[in-house]
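Protein chains: 2
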Amino acid sequence: MVDKLSLHCGFDIGGTKILGIAADYANLGSADDFRPLAVRRMLVIEDSSAIVQSILKMVGELESECGQSFSSVGVGIAGIVDREGVLRYSPNIQGVYDFEIRSILQTELGCPVVVENDCTAATWAESQIGAGRGSRYMALVALGTGIGTGFVLDGKLYKGWNGFAGESGHMTVEQTGDKHLTGARGPWEYYVSGPGLRRLAQSAAARGDFGSAIERAGSVDAVQSEHVHSLIVDNDPRAMDLLDDFCRYTAVGVANLVHVLDPETVVIGGGLIDIGEQLVDGIRKWTFHYVLGGEYRPKVKVAAAQLASNAAAVGAGLLAASSV
Amino acid sequence: MVDKLSLHCGFDIGGTKILGIAADYANLGSADDFRPLAVRRMLVIEDSSAIVQSILKMVGELESECGQSFSSVGVGIAGIVDREGVLRYSPNIQGVYDFEIRSILQTELGCPVVVENDCTAATWAESQIGAGRGSRYMALVALGTGIGTGFVLDGKLYKGWNGFAGESGHMTVEQTGDKHLTGARGPWEYYVSGPGLRRLAQSAAARGDFGSAIERAGSVDAVQSEHVHSLIVDNDPRAMDLLDDFCRYTAVGVANLVHVLDPETVVIGGGLIDIGEQLVDGIRKWTFHYVLGGEYRPKVKVAAAQLASNAAAVGAGLLAASSV
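From first to last, the protein sequence lines are chains A and B.
Under the working numbering, the residue at position 33 of the first sequence is numbered 33, and the numbers go up by one with no gaps.
Under the working numbering, the residue at position 241 of the second sequence is numbered 241, and the numbers go up by one with no gaps.
Because the hints were derived from the structure by calculation, they are not lab data.
Since no wrong hints were added, every one of them can be taken at face value.
Heads up, the list lumps identical chains together, so a pair's fine if it works in one copy or across two of them.
List of simulated lysine-lysine pairs, DSSO-like, C-alpha gap at most 30 Å:
{"no.": "1", "residue 1": "Lys-299", "residue 2": "Lys-156"}
{"no.": "2", "residue 1": "Lys-301", "residue 2": "Lys-179"}
{"no.": "3", "residue 1": "Lys-156", "residue 2": "Lys-17"}
{"no.": "4", "residue 1": "Lys-179", "residue 2": "Lys-299"}
{"no.": "5", "residue 1": "Lys-301", "residue 2": "Lys-285"}
{"no.": "6", "residue 1": "Lys-17", "residue 2": "Lys-179"}
{"no.": "7", "residue 1": "Lys-17", "residue 2": "Lys-57"}
Modelling step: build the complete structure from the supplied sequences, incorporating the hints.
Encoded structure:
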C-alpha cells in the first residue's frame, strides 16, 4: 500500500482572476521540477462573500481532481493583509475592506488556512524554489499594473510590524513629480509599471521621437506598452532607447532598496518581465550605476523571476505546507 | 568581598572625534538611569594606525579610571563595515579603506572586540534603552551632516547581506534633482541634513522670503543652519515655515522607510534634533500625510532619540556586553 501524499493548495486572488494550484508543496525542489497536480482559474467578483464562494467551489473541484482533501490551504491576495489574515484594504479589489478571509475560509474548509499579501507569497516562492534560491537576503520586485515587492531577510519572510512591509511601489522617487492615482507625487510605481511605460512611450511619440510606435498604434494616444514590447522584439532603435530609460527608472527604486536593505539578490518579476532578458539586463546595469560605493561592495545579483504568473499561488501553497 | 562588575567600553569613531564610554553595559535599564563610569574624547587623525593608537591610549586611561580591565570593547565607526568588522570605506574618515579594525584591536587589546557602523550601534542603543524600547520593529533616522539610519527588525539588529544595510540617506527622492557630493541626483540626505537646511534657508533668503535670517547672518551666503535654529527658538514665522518644509522633506524619506519596512517606531536622532520638539512634531505630521492608506493601519510612532550624541558609543558598549 502506498501512502497518500499530504497535498496542499495555493490560491492567488488578484484584481481580475483567482488562480488555484494543488501540488505536493512539502516536497518541491526547484522551479524546474514544479509539477502542479491540478489547476483552476476563475474571474474575481469584487465582493467578499463571492470570493469565499469561488474559493470553496475551486477547492471542491481541485480536491476531486486530486482524489483527496488538502491538509492546508494558502492564499495570496492583492492588498494589505494583517498578521491575523484580515485583508484590511485592497487597491485592486474595489469595495472590499476588513475582510476576515483567513478565519472565514478556515471555518468553511475545516483545515488550516494561511493568508498573505500576493507579492509576499510570490517572494516566498521565488526564494524557496525560484531565482532567489540560496540567498538569505532577497527582494522580489514585481512589475505590473503597479509595483509589488517582498523580502526574505536572514532567511525569513519579512512582514513588518503589522504585516504591511513591502509597499515599496509607493516610495517617493520624485518628490516634485506628477500625481499618481493614489494622490501621492512621484511614487516609484508611477514611472515603473505598465501605465508608466505607456506614458513614457506616449510622451516620446508626442515629441516626435517614436514614429515607429505611432505607425504601429495609429496615433500618439493609441500607443500602449504592448506596442513598445513588440517594437523591442523587432529591435527598433527608439524602442530600445525607451526600454533603457524604463530600466533606469526601475533601477532608481531597486538601488533605494539595496541602500536600505543590502540584499544579496533582487528578483525581477511581474507581467512586464515578458519583455525579455533585455529588461533584466538593463535594470542590472543601471542598478550598479546607482548603488553608491559599488567598487567597495560585492555586486548585488539582479535576476529574472522563474515562476512567472504562478509565483503567488505557489508561494501560498508553500506557506500552507510549512504551516502544518 | 564584593565581586567586581564585568565592565565594557563603547567607542564612537566619527569624522572629527573619538568618544569612549566605559559602563556596566550588561545591566542598563533605560536611558534615564544610564551612568557612564568613565568618558574620554580625542580628535580623530585620519590614518588607520593613528586611530588604533588613539583607541589603545583611551582604553588604557579608561581602565585606569575604572580600576579594572574591560571584558570586551565595542566600536561604532562612520562608514561601511562588513560582517568581519572591516571598515571597507568611509565617506567621513578620508583615505581609510579596508581597515581591519576589529582584528587589529582584538589582537592589541587581548579581549573580544565588536565593530559596527556608528549608526547601526546607535540604533541598538535607542532600541535597548532609548526611544525605541519595547518596539520589535524600529528605525533610527539620524540627521546630521548626512542621514544615517539603522533598523531593528523582529527584535534583532538588521545588518543585511554584507552588513551594509541602512544607507538610506542615499535613497533617491528626487530623481531629476540636484547632484549631491556623492555624484547622485536628489538623494534624501541632500535635502535633509545640516547642509540641506542651509541650502533651504539660503534660497528662501535669496528670493526675499527670509529677511530675518539675512539680518542675523549679514548676507544671503552667510546664512547657516544655526541662524535658522536661533530664529526657530525666537518663533520667527519665516523660520517656522522653513522648518515645516524641512520636516516635509524629512518625512518623504521616513514614509519611504515605512512603506518598505513597516516599523512600529521611527526614532529621530542626530545633531539636528537640538532644534527641539517642533522638528519631531513636524516630521510626525508629514509622515502621517505621506504614508499611504493611513486610515487602514495603526499609526507609526515618531519619537525623539533619548541618548543624544552618546548613542553610538553606548550602542557599541551594549553590543560588546552582549557578545561575551
